[in-house]
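Residue strings, one per chain:
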Amino acid sequence: MELLNQIDWAVIAPIIVIDLILIIVALVDLFRRGETNGPKWIWLLVILLISLLGPVVYFIFGRRQQ
Amino acid sequence: MEWITLFNKEMLEHWRNFKWIWVPLVLILLAIMDPITTYYLPVILENVGGLPEGAMFEIPELLPVEALMMSLAQLSSLGVLVIVLMSMGTIAGERKSGVAELILVKPIRYLNYITAKWSALLLIVWVSLTLALSTSWYYINLLFGELSFTDLLLTIFFYGLWFSFVITLVIFFSVISRSPGLVAAFTIITTIAMSIITSLFGKHLTWSPSNMSGHIEYAIVSQELTKDLMMTGLITLILIGILIVGAQQIFIRKEQIN
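Going down the list, the protein sequences come from chains A and B. Numbering follows the working numbering, with no gaps: position 27 of the first sequence is 27. Just add 66 to wherever you are in the second sequence, counting from 1, and you've got the working numbering.
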C-alpha cells in the first residue's frame, strides 16, 4: 500500500485514461468490422491483454486492406 | 477544387480508420513515458528491491531540457516507426487494390493526387506531434522544472519538419513500390542509413536532418535560434520539396507505362 501512496495519481491517471481510450476504440472497431486480418478472438486477446501496445498493433495490422 | 475533394476524401478515410484518435494518443504516450519513468525511478527501485542493504543510488537530477530530449528520443525511434506504419498504405495500398487506377482514370493531375495525400498525413502528424510535445512539456514543467513556452514552440516546429520529412519519404517510396511493407522498410532503412552516414561524416554533415534533435537541444540550452538549427530546417525543407517533385515525376512515368 505504501507504494500506492507514494505515487502522484494526477501524474499517472492520464496514462491510464489514454490506455483505456485506445482499448475501447480498438474494441469498437473490432466488433463493427466484418472481417479482420486473422481470427477475431486472437485480436480480442491481443487488445485486452497486451497493455498499450495491443490496440496499436491491432490498428496497424489487424484491419484488412480494402 | 479537385485538390480539396481529394483532400477531403483522405480526411474521411483517416477518420474511419480512427487514425485521428490513436495516432495522437500513441505519440502522447511515447512522449511522456520516459520523463515520467525517470522521475519515478527512485520509487520504483526502492519497491522492486533486489538492492543490497545500504546500497546508495545516485540518480542525477535531470534538467528540463534533458527530459525533453528523452521525449524526442522516443519519438525518433518508436514514433517514427508508428507514423511510417500508419502512413505506409495510403498510396501503396490504393495502387495495390486498384483504387488508385479508378481515381486516376479521371483526368486528375498526379501532383494533386500526391500532395492531397501528403497534406492529409502531414496534418495528422503535426496535430499529433503538437499534442504529444505539449503534454510532455506540461509534465516536464510539473516534474523537472521550467521550460519556456517558446522552447516548446521551437521544438514542435523544427521536430515537426523532421516528421514531415519522414512522411515525405513514405510518399516517395509509395510511388516506387506497390507493397506497403516494402514502403515501410525502405523508409525505415533510409532514416537509419541517414543517421549512420551523418554520424560517420559528422563534420561535413552538420545540417543533416538526422541532427535535428541535437540542434534543438543546443538551441534551447544556449537560448538562441542557432544558425545550425535554421540551416538544418532549411535543408530539410529543400529535401522535402525535391522528394515531392521527384515522386510526381516518377508517378507520371509509371502510370503512363501502365
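By construction, these hints were calculated from the structure, which means they are not laboratory data. Some clues are possibly wrong.
What the hints assert, rightly or not - The following label-pair restraints were derived from C-beta to C-beta distances: (1) B:Thr292 / A:Pro39: 49 to 59 angstroms; (2) B:Glu290 / A:Leu45: 51 to 61 angstroms; (3) B:Leu78 / A:Val11: 31 to 41 angstroms.
Claimed, not checked - Derived DSS-like pairs: lysine-lysine, alpha-carbon spacing no greater than 30 angstroms straight-line: (4) A:Lys40 / B:Lys75; (5) B:Lys172 / B:Lys85; (6) B:Lys85 / B:Lys162; (7) B:Lys85 / A:Lys40; (8) B:Lys75 / B:Lys162; (9) B:Lys172 / B:Lys162; (10) B:Lys172 / B:Lys320; (11) B:Lys269 / B:Lys293; (12) B:Lys162 / A:Lys40.
Said to hold, decoys possible - Stretch-level coverage of chain B by chain A, calculated; a stretch enters the list once three of its residues show a Cβ under 8 angstroms from a Cβ in chain A: (13) 84-96; (14) 201-213.
In this text, a Cβ means the ideal position worked out from N, Cα and C, and glycines have one as well.
Violated hints - listed by number, lowest first: none
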